[in-house]
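Peer 1: Given only the sequences and the hints, what does the whole structure look like? Please build it.
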Amino acid sequence: MPWALVAAVQLTVFAASSLRDAFQELGRQFGQENPAVEVAFNFAGSQELRTQLQQGARADVAAFADQPQFQALVRDGLVGAPAIFARNRLALIVPRGNPAKIRELGDLPLAHRIVVGDPSVPIGSYTLRLLDAASARYGAGFRKKVEDRVASRELNVRQVLAKVRLGEADAAIVYRSDALEAKASVETIPIPAELNPEATYPIAVLRSSAEPRLAEAFVHLVLSDEGRAVLARHGFQ
Amino acid sequence: MKVRVWDAAQLGAVAVAASFLVLPVAALGLTLRWEDLLAGIRHPLLWPALRLSLRTSSTSLVLVVVPGSIVAWWVARHPGRLSRAVETILQLPAVVPPAAAGVGLLLAFGRRGLLGPWLERRGIELPFTTAAVVLAETFVSAPFFLQAATAAFRRIDENLLVVARTLGASPFRTFLELAIPLSAPSLVAGAAMSWARSLGEFGATVLFAGNLTGRTQTLPLAVYTAMESDLRAAQALALIMVTFAFGLLLLLRRMIREAEHA
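Chains as they are written, first to last, in numbering that gives the first Met the number 0: chain W, 0 to 236; chain E, 0 to 261.
Just so you know, these hints were derived from the structure itself, not from any lab. Take every hint as true, because none was put in to throw you off.
One side only, chain W facing chain E, incomplete, derived with CB under 10 Å:
#1 Arg49
#2 Gln54
#3 Val149
#4 Leu165
#5 Gly166
#6 Glu167
#7 Ala168
From a predicted model like this one, the values you see are computed outputs, not experimental measurements. Where is the CB? At the ideal position from N, CA and C, for every residue including glycine.
Peer 2: Shown next, in the form of structure tokens:
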């Protein structure tokens with residue numbers, strides 16, 4: 000209750016940008032179950048979160064979009080072994096109306112302006128894996144042809160999505176969950192399943208957490224059937 | 000207050016201010032190992048970003064200084080409500096947060112922006128091009144020069160201008176050969192502030208121009224991108240950027256001093 004002078008306990012969750020909508024919903028749910036707790040999120044590219052945590056940022060829970068970044072935290076002793084709570088796939092999206100007339104992944108070089116993630120963030124490294132796999136199918140020059148059309152390498156997946164929503168990009172590679180989130184303003188072009196890399200999402204409680212029991216409870220909610228249902232509704236598997 | 004207490008208070012304030020302002024910059028250098036610096040110099044993002052930063056910031060400097068001097072002259076020589084209103088509008092970008100400027104630039108010049116259809120008919124594309132970087136830098140840096148130039152032109156002794164005119168100099172010659180040289184130190188100082196602001200521009204650039212090595216990734220964007228994967232590389236790039244900016248500051252201060260003594 001906003002008028003009550005109860006000092007709320009704050010739970011800080013560092014989460015990958017792609018988790019924004021699903022985690023905000025889970026945060027609200029957690030807040031309803033624990034009225035004295037205020038869940039605060041820091042959404043950013045997983046690399047940025049990793050660097051912040053390695054530099055001593057205070058947080059209770061970390062949830063990333065890829066494993067190598069999380070392993071760096073494990074090696075530094077900042078977290079224990081993570082649990083995998085979600086999986087995701089990539090999606091090729093175009094603005095409504097599909098100005099570049101892209102019908103399949105092989106048409107991607109038709110796009111005048113493509114926006115992707117920077118290779119240093121998970122969405123960018125998954126995108127490179129997709130382009131390499133696609134080059135085996137559409138010809139060795141495919142990746143190069145696509146990269147020639149790349150207008151920007153954004154530093155988190157939501158910035159990639161924003162460029163398509165604004166109509167500034169003719170095509171972009173994001174996560175399937177982002178495509179679902181933005182389905183009012185973007186169209187999704189199917190990617191052949193055998194070319195589409197799988198993104199895995201690890202989560203763990205920080206060893207330095209000031210509220211380890213609450214943090215455990217939040218992780219528990221994410222891993223519960225309830226949590227999985229929320230994630231599934233937002234396009235995660 | 001006793002004189003000695005006041006003296007001590009001043010010294011204390013100076014010491015606190017100077018150490019607070021210097022510490023983060025010093026930390027960039029003091030916590031970096033030699034091999035990290037060498038790795039930073041060899042970092043694949045550095046040289047394209049440095050070249051791009053120099054190219055875009057010098058272009059935007061010309062775009063600010065040449066028309067800006069004329070605009071500042073008009074504002075300074077026209078006292079009244081209109082010129083005061085114009086002056087306020089010209090100062091606006093200085094208080095607009097750069098991220099807001101980036102969104103505004105997209106909504107003005109983007110494909111679906113206010114001028115988007117007009118630009119598209121003429122085959123002009125701005126977002127995600129080097130031109131977008133120049134526009135963003137010009138937008139955020141212009142007020143610094145305009146303010147310095149307007150103030151300098153206002154300080155010119157009216158009698159000198161009258162004498163020049165009675166000796167037969169045209170208004171344009173008076174501006175070019177009297178007002179500009181008289182105000183040179185302030186103009187250079189204003190230009191230096193503008194240039195430094197352009198070199199450091201991040202928020203408007205990343206939103207309006209995107210992040211592509213060699214085309215729109217300036218030094219600040221390279222620092223941010225490197226930070227995603229490797230703090231040491233980001234630090235080395237940042238240190239190189241600071242060293243460069245500090246060199247620029249020293250050089251300009253010297254130029255200003257010489258101009259003032261000439």
